[in-house]
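Engineer: Single-letter residue listing:
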Amino acid sequence: MDFVFHQTLDRPFLESMYGDDLVYAKEVFASFLKETRAEFEEIKQLYGRNDLKGMRYKLHKIKPTFSFVGLTALTESTEKIISTCDASLNTTDIEPGCSELFTTIENSFLLIAGELARMEKHS
Amino acid sequence: MKLTCIIVDDEPLSRSFLEKFCERSERAKIAGSFASAADAISFLDKNVVEAIFLDVEMPGINGFQMLDKLSYRPRVIMTTSKTDYAFTAFEYNVTDFLKKPIEFNRFLDALTKIEEASRNTAIGQEVNDIMIKTNGSYIRLRLDDILYVEGMGDYIKYVTAEKTHITHSTLRAAEEAIHDGNFLKVHRSYIVNIKKISNFTDNCLSVNGNMIPVSKSNKAELLEKLKTA
Numbered sequence: 053m054d055f056v057f058h059q060t061l062d063r064p065f066l067e068s069m070y071g072d073d074l075v076y077a078k079e080v081f082a083s084f085l086k087e088t089r090a091e092f093e094e095i096k097q098l099y100g101r102n103d104l105k106g107m108r109y110k111l112h113k114i115k116p117t118f119s120f121v122g123l124t125a126l127t128e129s130t131e132k133i134i135s136t137c138d139a140s141l142n143t144t145d146i147e148p149g150c151s152e153l154f155t156t157i158e159n160s161f162l163l164i165a166g167e168l169a170r171m172e173k174h175s
Numbered sequence: 018m019k020l021t022c023i024i025v026d027d028e029p030l031s032r033s034f035l036e037k038f039c040e041r042s043e044r045a046k047i048a049g050s051f052a053s054a055a056d057a058i059s060f061l062d063k064n065v066v067e068a069i070f071l072d073v074e075m076p077g078i079n080g081f082q083m084l085d086k087l088s089y090r091p092r093v094i095m096t097t098s099k100t101d102y103a104f105t106a107f108e109y110n111v112t113d114f115l116k117k118p119i120e121f122n123r124f125l126d127a128l129t130k131i132e133e134a135s136r137n138t139a140i141g142q143e144v145n146d147i148m149i150k151t152n153g154s155y156i157r158l159r160l161d162d163i164l165y166v167e168g169m170g171d172y173i174k175y176v177t178a179e180k181t182h183i184t185h186s187t188l189r190a191a192e193e194a195i196h197d198g199n200f201l202k203v204h205r206s207y208i209v210n211i212k213k214i215s216n217f218t219d220n221c222l223s224v225n226g227n228m229i230p231v232s233k234s235n236k237a238e239l240l241e242k243l244k245t246a
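From first to last, the protein sequence lines are chains W and H.
Note that the working numbering numbers the first sequence so that position 78 is 130, with each residue one more than the last.
Note that the working numbering numbers the second sequence so that position 188 is 205, with each residue one more than the last.
Just so you know, not all the hints are guaranteed correct.
Which chain H residues face chain W? A few, computed with CB under 7 Å, are given here [what the hints assert, rightly or not]:
no.: 1; residue: Glu28
no.: 2; residue: Leu30
no.: 3; residue: Lys37
no.: 4; residue: Phe114
no.: 5; residue: Lys117
no.: 6; residue: Glu120
The set of hints was computed from the structure by calculation and includes no laboratory data.
These numbers come from a predicted model, not from an experiment.
Heads up, the beta-carbon is just placed ideally off N, CA and C, and yes, glycines get one too.
Generate coordinates for the entire structure from the input sequences, incorporating the hints supplied.
Structural biologist: Next comes the structure, spelled out in structure tokens:
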């Protein structure tokens, strides 16, 4: 695959995941934008309802999907918030880390959408 | 020969990756991919697979609870993003434990472990017993002790000289799980241990005093087997 991913993404990991298969990479990036974005909207609602248990479960589910699109560091920071959730009673206990994580996730969707557009253009 | 497996994970991207990895490896054939443990259990009640790629945390029935509900136990590769489950996985005697996100080379290692485990069993012909689930617990049955297996719709009876064990499964699943040259399907509802046959007439045989029908279509194979038994 002569396509070069954005420098902020985990290029070695993406290379090991997709090899030469740009078609599959596009499929996963598109699926990430659809599925993980929908899950993230639910997570924000759970946060708004102070449902830490539900939020923790959903974060746990989407955590590995960040790595699938090269956002390895985001997987790690999500893990940290999950650990904080385990020891907290309400959302104020997980701030400011949680809001920062949410912002990073929002920005990551923009980055991945941009990468998907570049891949579409490349092929 | 490719390994027959299923994938059980409620997260679509994780399922997609495992499906793709199976395809890329050219060593695993996916018999089914399920978003819930309940769907996978229904499938496994009627089909036999060699391996399960199984997530732990799922809504409803989790991965370990699913293993408790199976009528037979394929080899299991746990796939989860939490290492906290490693000890429980060990207790369930899983073949491997893959932490998400799973890298392709690590996935190949897991496949190798399953293949080696299967090969070792095949080479040594050590499938001398099977595990079946009955009355909420797993029990080990020595193949030599089984007289015959009778299918009864969604249930099957394993009959030994001492006891009859009823389990939620199908005759087809039992046939594949037993996988022993001494057993033969003689009728659509019966698999018989041919070493235990005491008497055989035109369309019926006797095992430890139990009369078992023999289908016309199975008769020739049975006669052939009896010659060499």
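Engineer: Sort out which numbered hints this structure fails and list those numbers smallest first.
Structural biologist: Number 4 - this is the single hint that the structure violates.
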